[in-house]
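These protein sequence lines map, in sequence, to chains R and B.
Under UniProt numbering, think of the first position of the first sequence as 1, with each following residue one higher.
Under UniProt numbering, think of the first position of the second sequence as 1, with each following residue one higher.
These are calculated hints, taken from the structure and not from any lab test.
This one's a predicted model, so the numbers in the text were calculated from it and none came from an experiment.
Beta carbons are placed, not taken as given, at the ideal position from N, Cα and C, and that holds for glycine.
Hints may contain errors.
[Unchecked claim] Examples of chain R residues toward chain B, derived with CB under 7 Å:
hint	residue
1	Val27
2	Ala41
3	Pro137
Single-letter residue listing:
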Amino acid sequence: MASIATSRIKPKHQRLVLLVVALVVLVAAGLLAAWALRNQASYFYVPSEMQADPPEPGRAVRLGGMVEEGSLKTQADGVTIAFVVGDGDARIPVRFSGIVPSLFVEGSGVVAEGRLGPDGTFLADNLLAKHDENYVPRELQEMSEHQTERVVAAPQ
Amino acid sequence: MHGFANPARFLRIARWLTPVLLFGGIAITAVALLWGLFRVPPDRLMGETVRILFVHVPAAWLGMGGWMTIAVASLVELVWRHPLAGIAARAAAVPGAAFTAICLLTGSIWARPTWGTWWVWDGRLTSFLVLLFLYFGYIALSDAAQRDSGSSRVAAIFGLVGAVNIPIINRSVVWWNSLHQPPSITMGKSAIDAAFLWPLLAATLGFSMIFGAIILLRMRALLADIQADARLRRKAMRGTSGMEAQA
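Using the sequences plus the hints, can you model the full thing?
Laid out in structure tokens, this is it:
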């Protein structure tokens, strides 16, 4: 019956249509599955997610966000640092003692591995620096800072 | 389309195109990498580590491009039964896997000083490792099909199905929070400064030409293998009235 219905269609066109339909369905299924994994497959929580739905105390989680400018402080013992990780909506204080990666600076991204303490402070066991998508040479960076200083200083 | 169905015509073009792509690619890559090593200024945060970019990013693009080559060639093989398509797909598998491995290795070397770790299981890194394993699977499958002189259709279907991973790799840094940075180059916009972008594009062109030359070389080798096999079979057939050919 199918052969009668498709007798006028060339076999290679039939194969093409069949394969394209199969591919579209397959890719859609793959993308849907990946999209459904949105929350499970994320590498870290951002501060607003962690505050809206705090993980149970002691459970190992990752917290990711931006290190707030001016929040980085070294404690009296000299190896423990405290800083605030924010995502624009929420802020979570973080404490960490150990060696930080060289790209860890205020105003850049960080992923902290550890657990949320009972007082709402995140106790990190390990810090990973997150690089953003911008690649800028040092000379240009300095130049733009000078320019910013000039622009900021001008209205005062 | 079937103009190239005759391998003789393909071989005529491949014979002069291979050295052009190979030596042109090597020259462009050498210039781009030397430029990247000695002429490019250090990055504001990463410093000298930024130079890995000129190998890592082209390798990533070609690792994915290699699988797209397999997928398109597999489609042509399945739909049009084009005799060269299956050979092209098989030829792209090993260099594609090599570039995928280079991408993973250089990325790991870059990650240690930048992120502070060799490896993390985030969306981008995991999906790219899956790509490498897909290549291994494809190579094993197409080799087995070739050895048993069976149909290469199973390998072609695998090549098409595996293409699902490519958009997932591409979107992994957008859908999921990941340690890997989001794409720097999107539709007509680049967050990479021109000082880094031009050597990167030059290196990509050079590596792509080398990639094309390797595919052509491998296709010629595979065609020569098939021809040699056929000739041996004919000789055996004449010599022992078909007894050896059956065995």
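Against the earlier hints, flag every one the structure doesn't satisfy and list their numbers going up.
When the structure is compared with the hints, none of them turns out to be violated.
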